[in-house]
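Spelled out from the first residue to the last, the chains are:
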Amino acid sequence: MISLAGRDILHSWSKFVLTGIGLGLLIGVTLTMAGVYRGMVDDARALLNNSGADLWVVQQDTQGPYAESSSLRDDAVRSVLGLPGVARAANVTYLTMQVRRAWASGAAPAGSGDDDVRAMVVGFEPGQPGEPGYLVAGRQITRSHYEAVADVRTGFNLGERIRIRRHDYTVVGLTRRMVSSGGDPMVFIPLKDAQEAQFLKDNDAIVNERARTAANPSLNRPGVPGLLEAIQASQANNRNVNAILVQVQSGTDAEVVAEPVRRWKHLEPFTREQMEEILVAKLIATSAKQIGMFLVILAIVSAAIVAFIIYTMTLGKIREIAVLKLIGTRNRTIAGMILQQALGLGLIGFVVGKVAATFWAPIFPKYVLLEPGDAVRGLVAVVMICALASTLAIRVALKVDPAAAIGG
Amino acid sequence: MNASSIGTRRLALIGLGILLVAAMSYVVMRSGPLAPTRVTVVQAAEGQITPQLFGIGTVEARRSYLIGPTTAGRVRSVTVDVGDTVKTGQPVAEMDPVDLDERTAALDASVARAGSAMAAAEAQRRDAQARRELAAVNARRYVELGRQNFISTGAVDARLQEQASADALLTAAEANLVAARQDQQRLVAERAGLRQQRANVRLLAPADGVVTSRDAEPGSTVVAGQAVLRVIEPSSLWVKVRLDQARSGGLTVGLPAQIVLRSSQGRPLPGKVARVEALSDSVTEERVAQIGFDQVPAGLSVGELAEVTLSLPPTSKAVLLPNAAIKRRNAQTGVWVIDAGALRFAPVRTGQASLDGQVQVLGGVKPGMTVVVHSEKEIGERGRIAVVDALAGRQP
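Read top to bottom, the protein sequences are chains A and B.
Counting the first sequence from 1 gives a position; the working numbering is that position plus 48.
Counting the second sequence from 1 gives a position; the working numbering is that position plus 16.
If you are wondering where the hints come from, they were derived from the structure by calculation, not from laboratory data.
Note that this is a predicted model, so its numbers are computed, not measured.
Some hints here could point you the wrong way.
Stated by the list, open to error - DEER-style ranges, computed between Cβ atoms: (1) B/136 <-> A/270: 49 to 55 Å; (2) B/32 <-> A/410: 24 to 30 Å; (3) A/413 <-> B/333: 45 to 51 Å; (4) B/333 <-> A/276: 32 to 38 Å.
Glycine included, each C-beta is placed from N, C-alpha and C at the ideal position.
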């Protein structure tokens with residue numbers, strides 16, 4: 049038995065293939081949009097995974113360090129380390145800022161343009177939680193100052209010098225998928241440098257501040273030599289961090305450790321689940337909903353377009369169907385032909401869409417996560433929409449009067 | 017439509033289908049859960065490392081002098097400026113002596129007057145002596161006459177009393193003279209003290225050096241101990257370096273050092289650890305050491321930031337791995353070893369590390385084992401891996 053659908057496709061194959069590719073690109077856009085949404089949520093999760101913590105200890109009554117600003121003294125970690133159930137704990141600072149390439153000559157080479165990258169600068173203690181877990185190139189930081197590990201998305205290369213505030217850092221390692229909740233790539237630098245970068249002002253501000261202190265007669269007393277210098281020295285240093293990352297001993301519930309921190313240390317501990325709740329449900333909620341809304345509309349529109357294309361394609365063949373009916377073809381054969389064509393179109397569209405989405409996803413500036421689950425859901429949806437649309441077309445085809453073949 | 021054209025079309029369509037299937041399978045195998053994680057590997061090998069310590073510090077003067085008055089007063093003149101070279105004992109500033117000169121003049125007059133008083137006392141002494149000699153002669157004569165009974169005993173007694181009185185007068189006059197001399201000595205000593213005070217308001221350079229700051233100008237009042245000028249010895253400049261406590265093992269006096277000054281980053285300067293302070297900073301968790309330059313460079317500025325790298329003696333031979341290979345997993349430190357195509361987490365103990373990222377591995381890994389260094393994402397025992405040469409980034 050010859051395949052009616054196959055013969056028909058062979059008859060108008062260019063139209064069929066082009067329609068399939070067009071459909072595919074539309075499906076690709078929908079899949080990509082789903083990927084953008086998944087990517088946003090995954091960025092938030094990646095931030096939590098990368099910190100390697102079971103517990104975040106932040107300033108009391110804040111939801112820091114990602115959703116709100118939080119600041120605590122850097123010696124608070126010592127009292128947290130002494131709590132039962134704590135395996136490791138380390139200070140960490142986060143600061144989102146523009147990181148510049150430092151050109152050796154002081155001037156950027158021609159054509160390099162405005163060469164700064166928006167990045168989240170993370171101050172961490174080497175060998176402690178908060179350290180990048182894996183590298184894609186280079187090495188971990190070994191010096192206690194002026195070395196950096198950057199995410200590949202920053203575009204920095206090994207050995208390059210980057211400038212953060214007052215100091216130049218050498219990129220010694222590259223990592224991947226280390227992003228802030230907003231998708232900004234991370235740059236890891238030693239904690240002491242980060243504390244300085246975060247709280248130390250620029251030179252002009254420091255000089256102004258010194259002059260302001262010196263002009264204050266109660267701080268600059270003529271009879272007390274050394275007082276002014278002492279005050280200025282105390283103004284220039286900073287002992288604050290944003291959070292303490294805690295790893296609990298295996299087998300210990302994070303909540304067990306969190307309770308004494310909340311009650312006795314007067315700090316705010318967040319477990320992994322609470323942090324995820326803050327990040328996903330609060331921090332990126334609006335933008336994620338925005339993308340989600342768009343995704344829903346796009347999916348509906350795509351479904352409608354797929355349905356209409358199948359429908360109009362069948363309507364275009366109404367005369368041929370009438371001829372088939374005239375020569376006594378059974379209804380089942382005609383319906384099968386239409387259904388097979390619709391499903392074929394849908395499958396081609398899906399494959400083209402999936403391939404296209406996979407190839408253009410890495411070009412996006414922010415992370416696009418194409419989940420296999422989404423692809424399977426997309427495939428099921430495409431097949432169902434095609435089947436549904438073809439039933440509409442089949443109804444029209446079966447109702448056609450065989451006389452139309454010779455009439456119209 | 018003839019059969020051959022349909023055949024061609026069928027072939028073309030089949031080709032297109034194969035292309036789509038191929039693209040799809042490529043996509044499935046290259047992304048998503050079925051895709052292998054790309055990694056780079058290294059063969060564990062034995063070797064030696066030269067562990068190094070790294071710290072930052074500031075240039076400081078080992079000997080710096082604050083020159084100021086010992087009593088409160090007003091600055092009269094400052095003769096040197098910042099950057100001037102001074103010699104030991106060179107007058108650099110002077111305080112206002114207020115009434116010191118006048119008081120010296122008054123004491124001069126007092127000393128002169130004491131000299132006059134001494135002369136008067138001396139004259140009185142001579143007078144008393146003359147009287148005593150006369151009284152003695154008279155007494156002797158009267159005693160002689162009395163013995164021959166020429167005169168009465170009463171007249172002899174009167175002469176003897178006269179002699180005793182003259183003796184006492186002489187003693188008093190001599191004592192007066194001593195008192196006058198002592199008075200003069202006191203005044204001379206007072207005057208010398210005042211002159212010293214006068215000299216003290218002149219501030220002198222205590223050592224050869226360079227003036228680093230001029231803190232008070234003529235006319236300003238300073239309290240006792242407040243600096244008018246600061247002088248450092250340029251030959252005594254060294255770097256006070258702070259090293260993270262966690263990475264300061266092996267820090268001893270005499271370690272060779274490389275000092276990179278912020279002003280000349282391309283030229284490391286040789287030096288040595290000159291002193292390791294016994295107190296370490298408990299707040300910043302840093303140890304403090306002083307690094308002396310082998311040769312103090314010209315134009316060095318105090319307070320300049322310097323990066324210091326100290327070289328420890330080379331370690332004994334051990335398996336070396338890049339520090340990017342060292343991972344933590346469930347509170348265990350270890351490395352991922354590729355064993356017959358499968359991944360295995362091998363717990364290791366790490367030893368010393370060098371600044372270029374090589375770590376000594378003491379046990380857990382044998383030479384020749386293949387160890388994962390870089391990976392695209394976290395790897396586990398189950399994941400598939402594909403070994404590649406490099407994952408990202410230009411190698412420097």
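- Quick one: are residue 333 of chain B and residue 276 of chain A within 32 to 38 Å, going by C-beta? violated, 56 Å
- Take the C-beta atom of residue 136 of chain B and the C-beta atom of residue 270 of chain A, compute their distance, and say whether it sits inside 49 to 55 Å. Roughly 52 Å apart at Cβ, these two residues keep to the hinted range, so it holds.
- Task: Starting from the range 45 to 51 Å, see whether the pair residue 413 of chain A and residue 333 of chain B falls in it by beta-carbon distance.
- Result: holds, 48 Å
- Message: Range first: 24 to 30 Å. Now tell me if the beta carbons of residue 32 of chain B and residue 410 of chain A are that far apart.
- Response: Holds, since residue 32 of chain B and residue 410 of chain A (Cβ atoms, about 25 Å apart) stay within the stated range.
When the structure is compared with the earlier hints, a violation turns up for hint 4 alone.
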